[in-house]
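One letter stands for each residue in the lines below.
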Amino acid sequence: MKLREIAHARAGDKGNIVNISLIAYDEADYPLLAAQVTAERVSELFAPLIARPVERYAIPGLGALNFVLHRPPTESVTRSLNLDAHGKGLSYILLNMEVDVDRNGSAG
Amino acid sequence: MKSLRIGAGAGFAGDRIEPAIDLARDCKLDYLVFECLAERTIALAQLSKRQRRSPGFDPLLRERMEAVLPLCRPNGTRIVSNMGAANPLAAVKETARIARELGLHGLRIAAVTGDDVLGEARRRISREKNEDPLEHLVSANAYLGAEALLEALRSGADVILTGRVADPSLFLAPMIFEFGWALDDWNLLGQGTAVGHLLECAGQLTGGYFADPGHKDVPDLDRLGFPLAEVQENGEALLTKLEGSGGALTIRSCKEQILYEVQDPARYLTPDVTADFTGVRFHEIAPNQIRMSGARGTARPMELKVSTGYYEGFIAEGQISYAGPGAFSRARLARDVLASRLSWIRTEDLQLSFIGVNSMHGEALSTPVPEPYEVRLRAAARRLTEPQARKLMLEVESLYVNGPAGGGGVSTSMRENIAMDAIFLPRDPVRSSTTYEVV
Numbered sequence: 001m002k003l004r005e006i007a008h009a010r011a012g013d014k015g016n017i018v019n020i021s022l023i024a025y026d027e028a029d030y031p032l033l034a035a036q037v038t039a040e041r042v043s044e045l046f047a048p049l050i051a052r053p054v055e056r057y058a059i060p061g062l063g064a065l066n067f068v069l070h071r072p073p074t075e076s077v078t079r080s081l082n083l084d085a086h087g088k089g090l091s092y093i094l095l096n097m098e099v100d101v102d103r104n105g106s107a108g
Numbered sequence: 109m110k111s112l113r114i115g116a117g118a119g120f121a122g123d124r125i126e127p128a129i130d131l132a133r134d135c136k137l138d139y140l141v142f143e144c145l146a147e148r149t150i151a152l153a154q155l156s157k158r159q160r161r162s163p164g165f166d167p168l169l170r171e172r173m174e175a176v177l178p179l180c181r182p183n184g185t186r187i188v189s190n191m192g193a194a195n196p197l198a199a200v201k202e203t204a205r206i207a208r209e210l211g212l213h214g215l216r217i218a219a220v221t222g223d224d225v226l227g228e229a230r231r232r233i234s235r236e237k238n239e240d241p242l243e244h245l246v247s248a249n250a251y252l253g254a255e256a257l258l259e260a261l262r263s264g265a266d267v268i269l270t271g272r273v274a275d276p277s278l279f280l281a282p283m284i285f286e287f288g289w290a291l292d293d294w295n296l297l298g299q300g301t302a303v304g305h306l307l308e309c310a311g312q313l314t315g316g317y318f319a320d321p322g323h324k325d326v327p328d329l330d331r332l333g334f335p336l337a338e339v340q341e342n343g344e345a346l347l348t349k350l351e352g353s354g355g356a357l358t359i360r361s362c363k364e365q366i367l368y369e370v371q372d373p374a375r376y377l378t379p380d381v382t383a384d385f386t387g388v389r390f391h392e393i394a395p396n397q398i399r400m401s402g403a404r405g406t407a408r409p410m411e412l413k414v415s416t417g418y419y420e421g422f423i424a425e426g427q428i429s430y431a432g433p434g435a436f437s438r439a440r441l442a443r444d445v446l447a448s449r450l451s452w453i454r455t456e457d458l459q460l461s462f463i464g465v466n467s468m469h470g471e472a473l474s475t476p477v478p479e480p481y482e483v484r485l486r487a488a489a490r491r492l493t494e495p496q497a498r499k500l501m502l503e504v505e506s507l508y509v510n511g512p513a514g515g516g517g518v519s520t521s522m523r524e525n526i527a528m529d530a531i532f533l534p535r536d537p538v539r540s541s542t543t544y545e546v547v
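Chains as they are written, first to last, in this note's numbering: chain A, 1 to 108; chain B, 109 to 547.
Not one of these hints is a red herring.
Here are the simulated PhoX-like cross-link-like pairs (lysine-lysine), alpha carbons at most 25 Å apart as the crow flies:
| no. | chain 1 | residue 1 | chain 2 | residue 2 |
| --- | --- | --- | --- | --- |
| 1 | B | 324 | A | 88 |
| 2 | B | 110 | B | 136 |
| 3 | B | 413 | A | 14 |
| 4 | B | 324 | A | 2 |
| 5 | A | 14 | A | 88 |
| 6 | B | 157 | B | 413 |
| 7 | B | 157 | B | 201 |
| 8 | A | 2 | A | 88 |
| 9 | B | 413 | A | 88 |
Which stretches of chain B does chain A cover? Using the computed rule of at least three CB atoms under 8 Å from a CB of chain A, they are:
| no. | region |
| --- | --- |
| 10 | 316-327 |
| 11 | 370-383 |
| 12 | 450-464 |
| 13 | 485-495 |
| 14 | 525-536 |
FYI, nobody ran anything at the bench for these hints, they're computed from the structure. We put the beta carbon where it would ideally sit given N, CA and C, even for glycine.
Taking the hints into account, I'd like the entire structure generated from these sequences.
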């Protein structure tokens, strides 16, 4: 199943840093996110864009994870040539990730 | 128990004005806060002020003030904003002029300055670095905190205009002033900062940057209302919006916004406090009414963040579209032709992409499409001189006559670019001061 079916996300930017929050629609699905959407997997997913491994912060009280992506210095909001210089659309790359709902209990 | 009603009138420099008018007219606000200064906005304002192309304050200052001053005055609503940008003093003079034109009397307007630390930044950078980027350093603005606004609040200012102040601090300052919070009561400052952080992007709390049809539906997005908070003396807040306005203020929209532009949610740094959002709880009291509590804080950082702006020449871009049979092949040929004609640009400073295919997420992360009906080639380059920028635009336009068949809809643009970095300065050399104009 795609993450988008069980979670929502928002991207924010500061300089060459992009953060992507990942929030379970149903807080009961938070353990699944915490177990499967690891910093390693997200680093792998965004590998072409990032300069070092992704950091992951857990906010279980909100049923949410926060991922911090460090882009190269030339890819900051004010230097990037990308159409989406901020990286506002990057949350939808994360939401396209596959998770296995049978492995950590049912979703929805 | 005393409470305070604070509305968010703008979330960026170009934000819509109608929702702010609704808030000012119908929401019995104590404070209306306009957050209008993105990282680069102030550097562009500095540049344009230096080149005497503009006075250096927010270009929509007049429009906003003309719209809300007559509504705020009779309600006793005080206005706080960083629309002063690179020139708070001129912004105050302009606001006084507008107030006089509107026939308003007895208005006290304050400018908070001291964020401009270009001199100090130049000294520090030359001390710390051997290479010399100073030729191109055009601005250095320290993030001032809520403390810098307290004098203006105590003096009874009706309008307070600042330059670079940390976004949540614009909202926290009225709470500190009205509730008499101590400047080292870290838990209260943490909770007040969370309220400010939720409000600072205005419509992003009420359903903007949120809607995803079928997954996250938002009613009447076209009439999106901006949020307000009713804050209690203990820092807890009821987040809401004008009854009947569009959008949706939900626990989900609140969760997205509390983590927006956050790195470590246990250590959200502002000049006022190290805020901890990990204990935040949202409860829905009624539709579009969310109670927020549980943020905490620890001691404020020792140093202040300073945004530095470097002049980096021009960025230019051009686009051309191809549609119908073979559209993608013709667009790819146009790209190859253009790459060859622009080979004088360094590879790392030129980007060629296809809008509709890979221009948002990049080639590596975009799912390949078989054959789009139409596709738009986009060329963008940086670190150019002005003649080089013009050359790039002409090369794209020339694809009409000297490129593949059926290319249409060329658009081109160029702009001077200011690239932003951050340094940290001790608090000592950064002093704020307050200047008044009374109408």
